[in-house]
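Student: Since the structure of chain A is already known, use the hints to place chain B on it.
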Amino acid sequence: MNKLRFATAWLGGCSGCHMSFLDLDEKLIDLAEKIELVYSPIADVKEFPEGVDVTLVEGAVANLDNLRLAQEIRARSRLVVSFGDCAVTGNVPSLRNKLGVDDLLTAVYHEGPGRHPTGGDAIMPRLLPKVLPLHQVIKVDAFLPGCPPDAERIWIAVSALLAGEPVVLEPSMRTFG
Amino acid sequence: MSVVTLTINDELVSAQEGETLLAVLHERGIDMPTLCHLEGLSERGGCRLCMVELEGSSRLQAACVTQVQEDMIVHTHSERLVKYRKMILELLFAERNHICAVCVMNGNCELQWEAAKIGMDHVRYEYLNPDLAMDASHERYVLDHNRCILCTRCVRVCDEIEGAHVWDVMGRGANSRVIIDLNQAWGTSQSCTSCGKCVQVCPTGALFDKGATVAEMEKQHNFLRWILDGREKNVWSYGK
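As they're listed, the protein sequences go chains A and B.
Each step along the first sequence adds one to the number in the numbering used here, with nothing skipped, and position 172 is 183.
Each step along the second sequence adds one to the number in the numbering used here, with nothing skipped, and position 236 is 284.
Keep in mind that a hint or two might mislead.
Only pairs whose alpha carbons sit at most 25 Å apart, straight line, appear in this in silico SDA-like list of lysine to any residue [said to hold, decoys possible]: (1) B:Lys131 - A:Glu176; (2) B:Lys134 - A:Ser183; (3) A:Lys141 - B:His170; (4) A:Lys57 - A:Pro182; (5) A:Lys109 - B:Val262; (6) A:Lys109 - B:Ser224; (7) A:Lys109 - B:Glu143; (8) A:Lys141 - B:Asn223; (9) A:Lys109 - B:Ala222; (10) A:Lys109 - B:Val150; (11) B:Lys267 - A:Pro182; (12) B:Lys131 - A:Leu35; (13) A:Lys109 - B:Arg172; (14) A:Lys150 - B:Arg172; (15) A:Lys14 - A:Leu35; (16) A:Lys141 - B:Thr236; (17) A:Lys109 - B:Gly219; (18) A:Lys109 - B:Leu180; (19) B:Lys134 - A:Val148; (20) B:Lys258 - B:Thr236; (21) A:Lys14 - A:Asp36; (22) B:Lys131 - A:Ser183; (23) A:Lys141 - B:Leu86; (24) B:Lys134 - A:Ala153; (25) A:Lys109 - B:Ala263; (26) A:Lys38 - A:Arg89; (27) B:Lys267 - B:Met182; (28) A:Lys141 - B:Ala222; (29) B:Lys165 - A:His146; (30) B:Lys131 - A:Pro177.
Hints in this document: simulated from the structure, not taken from any laboratory.
Excised from the complex, chain A in its bound form:
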C-alpha cells in the first residue's frame, strides 16, 4: 500500500495543536504505518515538499512568512485542513487586530520594558495589517476547531482524511475554544 504523504505546519499559533497531536499517543504508531510525514515542525525538513496529500495547518496568518508558507502549502497539497482555532478563526493572535501594526509594535517594544529590537524586516517578518484565519488567505478543505482540538477530535478527523472521506464531527466535537 502506498503511504499517504502527510504534513503539518505551524503558522501564527502557540504549538498547542501540535502538542495535542502528540497526545494521540499509541495511535501515532498506527498512523506511522499509514503515512509518511514529509514536513512538520516535529521533523527537520526545511522546504515544504511537492505532492503532499494532506496538510494540517496550525495557526493564523499573522505575518509575511505565514502568508508565503500558506500559499506554498496550498500549491503543493491536495487537501489543506485548518487545524485548531487560530487557523479557523484567528483566535488569540487576532486579539491584536483592533490595534494598527505601528501602534502595536510601539506599545509592545518601544514603550515596553527593556531595549527595543532594531533591524526591522531583516530580523522579523513584516506583520500583516490584520491576523487572518487561514481560509481568508487560501482555499481550505476541512476545518478542525478547538483550542486545542483534543486528541479524539484529531483522530476522528485524521481517520476520515486517511480513508478519503469528508471530515464530519459531532456537535460536541466541533465547538470553538
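Tutor: Only chain B this time, still in chain A's reference frame:
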C-alpha cells in the same frame, strides 16, 4: 380556552389559542435554536434564530413572537432556514470579539453551543475586530462588550423581574451597546441593586462574576421560575 390545529413539519398538531409557535415547537420536542428567548422573560424576536417558514407567506417569521393560528402550515428546518441560521451565527461571531478560548464562558456559552450544533465550523465573513471596552467598575460583576450579542436578556430581566430597569440599549445597528442608567460606569449606578440577575441570564461571557477566569463561569436560570411561580401562583419552591 379554544384549541387550534396546525401543521408542523407535515404533522398535524393541536395547540392552545394564544400560545406562541415557539412554545408549541418546544412542547413537541423540536429543537429550535434560540438566543434572545428565555423562559420567564418577555419575547423580543431579536436574534432571529427561531425563524420558521409559514406556507402562503414569503416572509420568514420568528416563532417566539408568532402566535399559533388555525390551519397554519409551518416548516422549521428547511434548507433555507438552516442556511440563514448559520449565516446569523457567523455574523454574530464576525461582529464582535468572540474568542472562545479565552472567554469566561468557554464550555458553557449558548452562542458557542448553537454554533457547534448547527455545524458552523468556520466564519465566512470578515471579522470586524471592533475596539470595545470592558466595564469592571462594579464591585461584583463585569461587563464585556466584546462578547455581547445584544439579546437584551439583561435589559428585560432587570426591568421585568427585578424592577430596576438599569439596562438599556444605545445606538443603532452594529454600533448598538447595552448601557447602564444614562450610559455611565456600572459602579456609579444608583439604580442597580447588585442582584446579579442580568449576569445569570446573559447567554455569553458579556456579563460575568468579577474574578472568574477562562471557562469558570456557569449561569443559573432557575431563579426565574422560582420568582415567577411565587408571584403568579403563590407557589414558593426555592431551591427545588
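Student: Of the hints given before, which are not true for this structure?
Tutor: Checked against the structure, the hints that fail are numbers 4, 12, 16, 23, while the rest are satisfied.
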